[in-house]
Amino acid sequence: MGLKHDKVVPGREDRVAACMAHGGCASGMGKQDKICLKNNERTFSQAGLCQLLPTLGMLLTLPDTAVIVHGAIGCGSTGFGMNTAIRLHHVLRGNPNAKDSLWFTTNLDESDVVHGGEQRLEETILTVAEKYRPQSIIVLQTCTPSIIGDDLVGVIEKVRPLIDIPLLYSHCEGFKTKVWATGYDVAFYAIVHGFIEKDKEGPPPKKGPRQPGERPVVNVINLASMGKPDEIEIERLLNEIGIDVVIGPNFANRETVRRMTQADLTVSVCPTHDDYLVDYLHTEYGIPFVLKDMPIGLANTRNWLLDIARHFGLEKKAEELIEREESKARQAVQRFLPALKGIKVFISAGEFRAVVTGGLFQELGMEIVGLRSYHHDEFGTEFYEQLVRAQQGKDFPVDIANFQPFELINLLQKVKPDLFCGHVYDNGWAAKLGYPTITIFRIFDHYVGYRGFYEVAKKAARNLRNPSFQKRLGENVGSAYRPEWYQQSPFAYIKTDASPAAAA
Amino acid sequence: MSHIERPRYQCALGGALVTINAIERAVAIVHSAPGCAASADGAATVGAGYWGSTLTDGRATPSTNIIERQVIFGGEERLSEQIASTLDVIDADLYAVITGCMTDIIGDDVRAVVSEFQKQGKPVIVAETGGFKGDSNLGADFIWDAIVTQYLTPGLPKDNRRVNLFGFVPAQDVFWRGNLLELKRLLGRLGITANTFLTPFDDLKDLKDAGRAALNVVFSDVHGVKPAAVFEETHGTPFVSEPLPIGPTATEAFLRRIAARLEIDPARLDEVLAEEKAYYYGFLTPLTDLYTDQDFQRFGVVIGNVNYSYAVTRFIADDLGWIPYLVAVTDLLTDEQRASVVARFEEIPEILRPKLIFETDTDRIKERLNEELASEADPYGSPISPAYVIGSNLDRPLAAELKAGFFGISYPITNRIVTDQYYVGFRGGLRLTTDIVSALVANR
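Residue numbers (the UniProt record's numbering), protein chains in the order written: chain D, 1 to 504; chain F, 1 to 444.
The set of hints was computed from the structure by calculation and includes no laboratory data.
The C-beta atom is built at its ideal place from N, Cα and C for all residues, glycine as well.
Keep in mind that the hints are not guaranteed to be accurate.
The list that follows gives simulated cross-link-like pairs (lysine to aspartate or glutamate, EDC-like), each with its CA atoms no further than 20 Å apart [what the hints assert, rightly or not]:
#	chain 1	residue 1	chain 2	residue 2
1	D	K131	F	E367
2	D	K99	F	E401
3	D	K34	D	E382
4	D	K198	D	D151
From chain D, some residues computed to sit far from chain F (all C-beta separations above 10 Å) [said to hold, decoys possible]:
#	residue
5	Q135
6	E235
7	Q262
8	A461
Just the calculated beta-carbon pair ranges, DEER-fashion [stated by the list, open to error]:
#	chain 1	residue 1	chain 2	residue 2	range
9	D	E378	F	P200	50 to 58 Å
10	D	M1	F	P200	32 to 40 Å
11	D	G149	F	T249	32 to 40 Å
Chain F on its own, in the form it takes in the complex:
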């Protein structure tokens, strides 16, 4: 490990916290020093297009706020007191105890404390999420593992038209709510009930009964894969990893795979695909003059997490007809996880396959890009002119330096607010085209 410049994620505690915060009627009980919850939540909510706080997150997050005395004498008693009082004060149906660095290092036996409440039938779960264990993506895996093993009802009969959608880490995917809702809508058109869990409109009962699903779809090659494996082991639901489908090409391929797997009527599938495509092209076609006359094809530089970097690259290659030049994946990954990302990028036809780098630091991404550019002699300027950068707010200076177009789609995004926007599916692809091209005409 080495230091990281302006990390594009929070710690494990942060990932667990935002996951719980995104689940309706679930509340976190943070067992840590006073600033941990506010710090993680603040970073996630501001960076996620001003997600903001609902009712039991932000500064309303129940937290033990342990200080030196508990660090010396242990914080178990304080945790027990806080769980009991939270059950009294907060009106929720799932209480998730998550821990920070301090309590993990001093070795509080939080599982023993929580099990006392579980024995009384209280809906309390626990995950050890000390920040030093990793980033928000890992923390989200920890809390999903806890939910799957401690909260879900075991032994439910399977419903072969029901799936659970995983692989979304709130805030790390700034558009997780909109994306989930659109995926649910699309799958619903095929007669598949999709549980999304992380939108304001989800019912906690669907989470409790998630074991009924015939299939878990993990929209990531990395995030959410481990808990999906635990899910399979515990509740017998298999899982597939799917790239986030952005735009008509990727979405059609995704829906065809899912339909085949769940044995959906092919006629119904074709009907839905035709209608959704008609929507996309109904709006896209009239833009053809602008797009072609102004030559809006670009060399693409894509910067983001595992899920978005591949999905956006596929979209600009397959649907927008751009040339992906360099892709920087900013997540902290194990060798094995990297290999799965590399394998995924190898699915892109060689002529359009970009240079793929794994880099956490904004400044290093620029250096690596410049090295790449320097290796291609171009006596008249930049080999990637005209260029376009699709990344996060941190990557705006890079775009300015390249005199490139810029659009922010990955965390952090602080220059616009995000509500129900989404980029998945046919309509999400249309939205992305709209946003990307709008940036090119913004000064007119």
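Only chain D is shown next, with the shape it has when bound in the complex:
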């Protein structure tokens, strides 16, 4: 099965044996039994995300689209944070008059829980189509209608002939998977089925072979969290070696998504994010892919570019570009290196982003002393080993955790890094402990490619130069955890099949 034939997107714990709870060291990653890992649980846990949230975050980026969250009122109330980011994205993309995202809740109440919500959903879709005239409508099925047995697909197929715009849908009930990254797959599913498979014009035909002299076109799968500056860097590098790009499907309209079926190669910037879509384009359209690296840090960027260039016999051009760019970037970061040399860094983010950013820090002369990944799957495995090797075998602890700040805080107090680099909503925990922080992504900044290498070095040096905001916070903020907690292993509440959690 795959994206085209799956009736419902499988949870990533089943599809790629993703693990959400593990504590160990970097050198041991990939050596555990995958099934055991995937079954690990916590006996104390803190709020995670559900798959609805990344799905919503991605689908709200589609321009002029109305999202209908089918469920109780709260699932549809969470768009405001995403809305601000998405509006700024559109502004960065050259649209200063970007409108707010548009979303709805079907607002299921107690009576609907008893009587079913299908009729409400149908009315909502038809009203939204008629009144707001969006370019497409997306329906997201949440926990409540799923439990009460609403037939989402039935309603969708009933109204599809009645409206003249693409209708996308996805099952993204939070209770169905503990791996919220499944939400990426769910969003891809909605996009592909809505704009390609079930589009009124049907799927576009496969493209014929490239004509001699025709520039190759590659799909670059973007991320809702990746800013325009990074897309510009990717486009610049690929254009310089003679490759044109189509960037999507985030922020893309129907036409752009359909154009993605006509490319010569699909390139991922985050393999663990994209494999479900990449596989679809490969299976259904025969488009080969590169699903291995993320162009962050010099070595990773080099590998990423060469893998792509190799597909089109452009290695020589790529090598020339890489030499030129590396030399410029290395020269540019010289002035930051003294401040960064030997700095002990802790990284926290989605697994792939975390490990490649680790590589970048090592290239700047820094040492990784701890890493937290939101989940673990096979895409990241080999990188841990590389990171340990790159710092002469100095191992470091790894926490696989869907956030769980109690583990992070415990671990930070044990490894005491000089610098913390984290995903949105991670930096605060480190800052309140007094550690200098830099954010691992921000949509206005560069992280990718050579410009990204330079900007991250600059950002790290700048934050290390004056961390007094965090330092003062650390002196003035208390702890939410009992003192005994800091005496325990940060992984004490992880329960494996083999050994129940010590504290349980």
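Got chain D; can you put chain F on it based on the hints?
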């Protein structure tokens, strides 16, 4: 019920969660699917001027994160495990179990699970707050009900100079912390100790002993009224509903009512009123040239929840001297609650009484306003020019369309950060005047 465009509130779980999050040394234990706590908290904290997270909220909120297995086999065992581990790990004095849609639908007996801990003397309370039961305001009522009946010490003697302040739903009132602190300061000047509960400076002991209060003041005609009734029944403290007092006129009226009720020395009252008014007019008076020369009187369009829509309307009518034109109340209300809001608006003199609508959807508010405008023929343009919209960030496009001034005061607010700002009282009224008029001169 029907669908809602971009709802201006979270679900019942969300309202209960943010209430607990705002209480110092209280922590929520969310018994629900993995995204519920993060989703509700995220919406509330971003929309409330980047309230952010303290130490045990946001992604640090203890949560059972139940998935399909528990939905099929029940989640009671998992809840029990999570309560025990939370007591071990989190350093708090009140643990509130709140539930989401999933656990309410599958019918976990959460009260039985919690009662096991209560029997051991653990400070654990429980409220069933499944999201489908209603919005954040209702959820706040649920958790207050639980606090009042399960946490407060019963049978305490009354202190006739002590009051509890209710009716604030954190984030739904973006300025709840500042507002509460200013109300506490004002009442304190009259010799009244006011318990606020929801600011970072409150002591949980005051909540535990809240039954000592002689009076509960509910700053809403709707929110917090039910738990106040339960409070009266359980602990014998009566309550009054008061509009949120913004500006000198409303605040003076409020303080006079409270002073009469608690038999405060009239001389002291007059002294305090005179000083506070002097502060307001001391800063306002020098603005008179600007205000009158530039003709800053406006037709007002006010959009917000029950509490703010009335309070702001009164302020612009009574103190700023504007013409309230249309007021949209965006809360989900029962017929009875609507009637109480209508009755409150009828206290506004007829010549200044605005058209009052109840509407949840931003787009429908615009439609209803346009219908209203169309009914008044004005051959030279808009009958409400010059206009000013006081609402939420969602209402900015409406203001732009009307070529009206705009200031955001109701949820969601994402274009500024909110710390200790407040709009209640004399000084809050001055702040509101400052902010509203600043928006009119912002491009100069």
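The hints, checked one at a time:
1. K131(D) to E367(F): Since the Cα atoms of K131(D) and E367(F) sit roughly 11 Å apart, the hinted pair holds (cutoff 20 Å).
2. K99(D) to E401(F): holds, 13 Å
3. K34(D) to E382(D): holds, 14 Å
4. K198(D) to D151(D): holds, 18 Å
5. Q135: Answer for Q135(D): holds, closest chain F Cβ roughly 17 Å.
6. E235: holds, 30 Å
7. Q262: holds, 36 Å
8. A461: holds, 27 Å
9. E378(D) to P200(F): 50 to 58 Å: With a Cβ separation near 45 Å, E378(D) and P200(F) fall outside 50 to 58 Å, so the hint is violated.
10. M1(D) to P200(F): 32 to 40 Å: About 52 Å separates the Cβ atoms of M1(D) and P200(F), which means 32 to 40 Å is violated.
11. G149(D) to T249(F): 32 to 40 Å: For G149(D) and T249(F) the Cβ distance comes to about 55 Å; the hint is violated.
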